[in-house]
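Chain A is fixed; fit chain B onto it per the hints.
There are 2 protein chains.
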Amino acid sequence: MIKVVFLGFGNVNQQLCRSLQKSDHVDVLQIYNRNSQVFSSEWKGFDFTTQLSEIKSADIYIVGITDDAIASFSETIPFRDRLVVHTSGSVSLKALSNHNKRGVFYPLQTFTKTQSVNFTNIPICIEAENASDLKLLHQLGSLLSENVTEVSSEAREKVHLAAVFVNNFVNHLYHISEELLTEHELDFKLLQPLIAETARKIKTLSPAEAQTGPAKRNDHKTIENHLHLLEGSPYIELYKMLTISIQEQFK
Amino acid sequence: MIKVVFLGFGNVNQQLCRSLQKSDHVDVLQIYNRNSQVFSSEWKGFDFTTQLSEIKSADIYIVGITDDAIASFSETIPFRDRLVVHTSGSVSLKALSNHNKRGVFYPLQTFTKTQSVNFTNIPICIEAENASDLKLLHQLGSLLSENVTEVSSEAREKVHLAAVFVNNFVNHLYHISEELLTEHELDFKLLQPLIAETARKIKTLSPAEAQTGPAKRNDHKTIENHLHLLEGSPYIELYKMLTISIQEQFK
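Chains A and B are the protein sequences, given in the same order. Going by UniProt numbering, the first residue of the first sequence is number 1, and it counts up by one from there. Going by UniProt numbering, the first residue of the second sequence is number 1, and it counts up by one from there.
Bound conformation, chain A alone (with noise of 0.2 Å):
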């Protein structure tokens, strides 16, 4: 059986909480939240405290904060020699405090506060100082996830830079289309297909092998004709941008 505790409730630490506490090799022994908002009807079985002083010892405590506050909060933690990880996908590791065993359980993901998470298919990303740390947070994820992967801080980061590209930059376009069409009055939801497909197509055919469009093929006369239709637009050095580094990948 895994002790752990949660210090911060925010959404991905509900998330786990809400996955882990199905498990039966998983005792959640308590939640730390410095104030008590957080705690809705949802949780009244758990023991609850906004008291520093007041945690249990556990096997492993998940610090569920946002990625600024995270190496000041770690300073304020009263115990020494436990095992405590973040979340976050863009902190070091050695933002903890060393007065702690230090780990990272990051679950690579974008959460949706009203929706809960299935996490079989979502990739956790641990990181550990030392071989019996990184076995237990092994052992954590592999009872979410089929897909539990070590992966450094440095790593870590270039994970996270890319996830933003995959989802807070694909969001982006996403939002500039549905922008486009109701300059129109057509519904974003005519779009709904292809941004499935396009996301789908990538599950067996590389981003290279998936690539089409004028910027791709060179299609001068529908990329003069997009760039007149942008005219007056913010976006139509985005366009350009994005044009020219497709051009550049493929030439």
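Treat the hints as calculated values from the structure; they're not laboratory data. If you're wondering where the values come from, they're calculated on a predicted model, not measured in any experiment. Hints may be right or wrong, so weigh each one.
Note that the list lumps identical chains together, so a pair holds whenever it fits in one copy or between two copies.
Distance condition first, Cα-Cα at most 30 Å in a straight line; then the derived DSS-like pairs of lysine-lysine [what the hints assert, rightly or not]:
#, residue 1, residue 2
1, Lys203, Lys216
2, Lys216, Lys94
3, Lys251, Lys189
4, Lys44, Lys240
5, Lys189, Lys94
This is chain B only, laid out in the frame that chain A set:
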């Protein structure tokens, strides 16, 4: 029974032929292509010709050739006053020769040569110059898809531009993220669940609601770190422009 002849037999027309032949309400009379190379054993039950002069009399002629060739090809069609449509997102109806009645039958999807397409959920954008032709195209489209929409040439240009953003440009961002991971010998498959979830999310949330990340929350520290990681990369300017573009949208 709607009698159809395909003029040109590229990827889109092959997919349309594969699906339309299954309908009891369509008779695929003939396939014309200027050479016979496209004609694999899959199509051996069909009447095939390489001679324009041998084209049969049909209700709808579907031109499926490269965008640039549509106008000049349509001038060479030897018959008059029949309904000739093209399947392109970016070519005006008026590009077709006015020797025949003109229309557009544009399935809004990206097609992969090796995979059969189910058109049921794929929007089909139709356009014609008179009501009876429009009705016929609507009938044909409805045999394939639950989503047949009349879209003018002017609006269709914008749809096609928006499609470039959510398909070609999104795929390019996948490509970039793959490169970022490969540098660290990390598998692109790590990002698959995030890519799928990003596309799924906007079925229930608007892109504005679904937007997250350092640009949206003005997290300068993470942005600075990402720019540091991208030093010397061809993608640093793209990261900056996309970040600023998101910030502009949410300020």
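Indicate which option fits the pair Lys216, Lys94 if close means a Cα-Cα distance not exceeding 30 Å: within, between, both or neither.
-> Classified as between; 26 Å across copies, 43 Å inside a copy.
Indicate which option fits the pair Lys203, Lys216 if close means a Cα-Cα distance not exceeding 30 Å: within, between, both or neither.
-> Intra 20 Å, inter 28 Å, cutoff 30 Å: intra and inter.
Classify it for me, Lys44 with Lys240: is the Cα-Cα distance of at most 30 Å met within a copy, between copies, both or neither?
-> Neither, since 54 Å and 45 Å both go past 30 Å.
Can you give me the call for Lys189 and Lys94, within, between, both or neither, at a CA distance of at most 30 Å?
-> between (45 Å within a copy, 27 Å between copies)
Intra- versus inter-copy proximity for Lys189 and Lys251 (alpha-carbon distance at most 30 Å) | Result: close only across copies, 26 Å inter versus 34 Å intra.
When the structure is compared with the earlier hints, a violation turns up for hint 4 alone.
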